[in-house]
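Those protein sequences? They're chains W and L, same order as listed. The numbering of the first sequence is my numbering, which starts it at 1 and goes up by one. The numbering of the second sequence is my numbering, which starts it at 1 and goes up by one.
Just so you know, the hints here were simulated from the structure itself, not pulled from any lab data. Note that CB positions come from ideal geometry on N, CA and C, so glycine has one too. A hint or two may mislead.
Stated by the list, open to error - Just so you have them, the derived chain L footprint on chain W, three or more residues with Cβ under 8 angstroms: (1) 60–66; (2) 81–88.
What the hints assert, rightly or not - Derived coverage of chain W by chain L (criterion: at least 3 residues anywhere in the stretch with Cβ under 8 angstroms from a Cβ of chain L; other residues may be distant): (3) 103–109; (4) 113–120; (5) 127–138; (6) 181–189; (7) 287–294.
There are 2 protein chains.
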Amino acid sequence: MSPFFDRLAGSVLRKQTPLVVGLDPRWKSLPESFHSASDSLEQRARAYGEFCVGVLDVVAPLVPAVKPQVAFFEQLGWRGMQVLDEVVAHAKSLGVSVILDAKRGDIGSTAEGYADGWLGDRSPWRGDALTVSPYLGDDSLQPFVRAARDRSAGLFVLVKTSNPGGKFLQDLVANDATIYHRVGDLVERLASESAGESGYGVAGAVVGATYPEQLAELRQRMPHTWFLVPGYGSQGGTAANVAGAFDDRGLGAVVNSSRAIIFAHARDEFADMDWQQAVEAATRRAIEDLRSAC
Amino acid sequence: MSPFFDRLAGSVLRKQTPLVVGLDPRWKSLPESFHSASDSLEQRARAYGEFCVGVLDVVAPLVPAVKPQVAFFEQLGWRGMQVLDEVVAHAKSLGVSVILDAKRGDIGSTAEGYADGWLGDRSPWRGDALTVSPYLGDDSLQPFVRAARDRSAGLFVLVKTSNPGGKFLQDLVANDATIYHRVGDLVERLASESAGESGYGVAGAVVGATYPEQLAELRQRMPHTWFLVPGYGSQGGTAANVAGAFDDRGLGAVVNSSRAIIFAHARDEFADMDWQQAVEAATRRAIEDLRSAC
Numbered sequence: 001m002s003p004f005f006d007r008l009a010g011s012v013l014r015k016q017t018p019l020v021v022g023l024d025p026r027w028k029s030l031p032e033s034f035h036s037a038s039d040s041l042e043q044r045a046r047a048y049g050e051f052c053v054g055v056l057d058v059v060a061p062l063v064p065a066v067k068p069q070v071a072f073f074e075q076l077g078w079r080g081m082q083v084l085d086e087v088v089a090h091a092k093s094l095g096v097s098v099i100l101d102a103k104r105g106d107i108g109s110t111a112e113g114y115a116d117g118w119l120g121d122r123s124p125w126r127g128d129a130l131t132v133s134p135y136l137g138d139d140s141l142q143p144f145v146r147a148a149r150d151r152s153a154g155l156f157v158l159v160k161t162s163n164p165g166g167k168f169l170q171d172l173v174a175n176d177a178t179i180y181h182r183v184g185d186l187v188e189r190l191a192s193e194s195a196g197e198s199g200y201g202v203a204g205a206v207v208g209a210t211y212p213e214q215l216a217e218l219r220q221r222m223p224h225t226w227f228l229v230p231g232y233g234s235q236g237g238t239a240a241n242v243a244g245a246f247d248d249r250g251l252g253a254v255v256n257s258s259r260a261i262i263f264a265h266a267r268d269e270f271a272d273m274d275w276q277q278a279v280e281a282a283t284r285r286a287i288e289d290l291r292s293a294c
Numbered sequence: 001m002s003p004f005f006d007r008l009a010g011s012v013l014r015k016q017t018p019l020v021v022g023l024d025p026r027w028k029s030l031p032e033s034f035h036s037a038s039d040s041l042e043q044r045a046r047a048y049g050e051f052c053v054g055v056l057d058v059v060a061p062l063v064p065a066v067k068p069q070v071a072f073f074e075q076l077g078w079r080g081m082q083v084l085d086e087v088v089a090h091a092k093s094l095g096v097s098v099i100l101d102a103k104r105g106d107i108g109s110t111a112e113g114y115a116d117g118w119l120g121d122r123s124p125w126r127g128d129a130l131t132v133s134p135y136l137g138d139d140s141l142q143p144f145v146r147a148a149r150d151r152s153a154g155l156f157v158l159v160k161t162s163n164p165g166g167k168f169l170q171d172l173v174a175n176d177a178t179i180y181h182r183v184g185d186l187v188e189r190l191a192s193e194s195a196g197e198s199g200y201g202v203a204g205a206v207v208g209a210t211y212p213e214q215l216a217e218l219r220q221r222m223p224h225t226w227f228l229v230p231g232y233g234s235q236g237g238t239a240a241n242v243a244g245a246f247d248d249r250g251l252g253a254v255v256n257s258s259r260a261i262i263f264a265h266a267r268d269e270f271a272d273m274d275w276q277q278a279v280e281a282a283t284r285r286a287i288e289d290l291r292s293a294c
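Based on the provided sequences and hints, a complete structural model is requested.
Given below as structure tokens:
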């Protein structure tokens with residue numbers, strides 16, 4: 001199998017969009033048809049599975065990747081994790097890449113444990129890529145990088161996150177560079193050492209749409225690093241805000257939208273549609289909107 | 001129920017030790033009786049469950065808490081997460097506290113998702129405490145703090161980790177303070193705002209045994225923050241190294257040991273015992289060793 005970011009570049013070009021649909025199931029936001037008398041963990045897990053499969057059936061032909069948010073499955077205990085397994089299997093059967101948003105991080109053999117659980121076709125959850133957190137330092141990323149290389153998978157390391165509090169630590173300046181620049185430089189080194197045909201290496205970066213200037217600056221500073229850009233849509237990021245994330249070919253970034261797409265049935269503009277029609281309309285609208293950016 | 005760190009202080013005094021036993025099951029390190037012809041995920045998960053239950057039966061009367069390392073259960077996919085559920089249930093039935101080492105971190109409702117999954121008796125995995133990562137900033141910790149307060153649970157925020165690469169980011173100096181001091185100051189503020197009868201608040205900190213000077217300095221700087229100290233034993237930390245972690249009452253810290261206890265059957269000195277006798281002997285030896293420290 002070719003390296004993940006080469007595959008991702010191919011499907012971004014084929015589908016002509018960098019849009020990633022975030023699978024963030026929330027019990028209270030599901031379309032009415034999923035509600036039932038019982039809200040047991042078992043019942044909720046089953047509903048999450050059916051809902052995500054329904055979303056996938058609509059969006060898989062339209063976008064290069066989906067991004068399940070692992071926290072919402074973990075919220076339901078092991079039953080949620082079992083359903084996540086089925087959701088990933090369905091996504092893979094439809095040929096769409098799966099970025100597992102789990103923000104894992106640990107050291108040595110413990111990090112290997114996480115990588116074994118999440119990365120690659122032979123892992124239990126079979127992710128094409130995984131988000132990871134860098135607080136434990138450079139040696140904590142190595143097992144993830146090795147696993148990603150061995151298994152043609154990808155990583156997205158948290159660099160500059162979309163939330164306001166991200167600045168608490170990430171924007172501190174040490175030796176004339178912010179923490180996010182330092183983490184970014186480390187990620188870029190890991191990426192440049194492993195660059196595939198697309199020019200991008202196994203280590204990608206999470207950089208929020210809510211900081212457009214930093215996004216454009218990091219694009220220049222990290223030429224071998226593919227970006228996963230959260231914060232577009234519901235968190236206030238616009239297509240103009242994410243324009244700086246792309247290289248000259250329109251590659252180098254995918255842009256995530258979750259709630260605005262999967263819960264489109266709750267948006268006034270789609271009120272006359274059934275929930276899957278609303279998902280499709282919202283996906284097509286986001287694709288159109290992003291077209292102006294890349 | 002009383003706040004977690006008050007309960008923990010009580011059991012440290014009752015059992016007269018700050019030792020926490022880490023439940024880090026690894027397939028190749030299990031005693032021979034757990035090996036079988038098949039090494040399917042299902043078979044391995046079953047073995048992890050039986051092994052951890054066997055460890056718990058020995059150590060629960062001796063120590064105040066156990067610390068399952070979630071990565072090793074996640075390594076086996078949802079089957080591992082299901083077994084973790086059974087392991088926690090067994091620990092609770094034996095009256096020993098459960099610190100879930102998952103190093104989770106995310107923002108807003110996503111962080112709430114994790115907290116809902118892990119913290120408190122009504123959560124699926126029913127942890128008494130959870131380790132969390134601070135890279136996403138102060139606002140990312142709030143949902144965990146709220147959930148911990150509401151559910152009489154505790155947190156341990158990564159501050160100064162035991163691995164060599166921890167210094168890559170944690171030791172950088174910004175505005176005359178290291179990153180770990182800044183994170184430590186934030187955690188201490190959250191702890192002081194929620195201090196219970198023991199004097200310790202809902203936010204604890206992970207501080208490695210491999211940095212004894214910093215450990216002692218942080219103890220002074222963070223008087224309301226209970227420490228979880230990894231790195232004792234297999235990572236080279238000694239009883240003398242952890243001495244600075246405790247307050248005048250011998251409280252304020254628990255010290256984790258994983259491999260040296262749960263895989264004690266592989267240590268020459270315990271070669272003539274069955275594996276559970278070896279676990280008991282190694283636990284008693286670590287308790288004795290730590291007695292000199294606090």
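The hints, checked one at a time:
With 0 residues having a Cβ less than 8 angstroms from any Cβ of chain L, the region 60–66 of chain W misses the three-residue criterion, and the hint is violated. Residues of the region 81–88 of chain W lying with their CB closer than 8 angstroms to a CB of chain L number 4, which satisfies the three-residue condition for coverage. Remark: the region 103–109 of chain W is confirmed as covered by chain L, as 7 of its residues place a Cβ nearer than 8 angstroms to a Cβ of that chain, reaching the required three. For the region 113–120 of chain W, the proposed coverage by chain L is satisfied: 5 residues have a C-beta within less than 8 angstroms of a C-beta in that chain, meeting the threshold of three.
As drawn, the region 127–138 of chain W meets chain L at 6 residues by the rule of a beta-carbon pair under 8 angstroms; at three or more, the given contact holds. Counting residues of the region 181–189 of chain W whose beta carbon lies closer than 8 angstroms to any beta carbon of chain L gives 3, which meets the minimum of three for the stated coverage. Counting residues of the region 287–294 of chain W whose CB lies closer than 8 angstroms to any CB of chain L gives 0, so the stated coverage by that chain is violated, three being the minimum.
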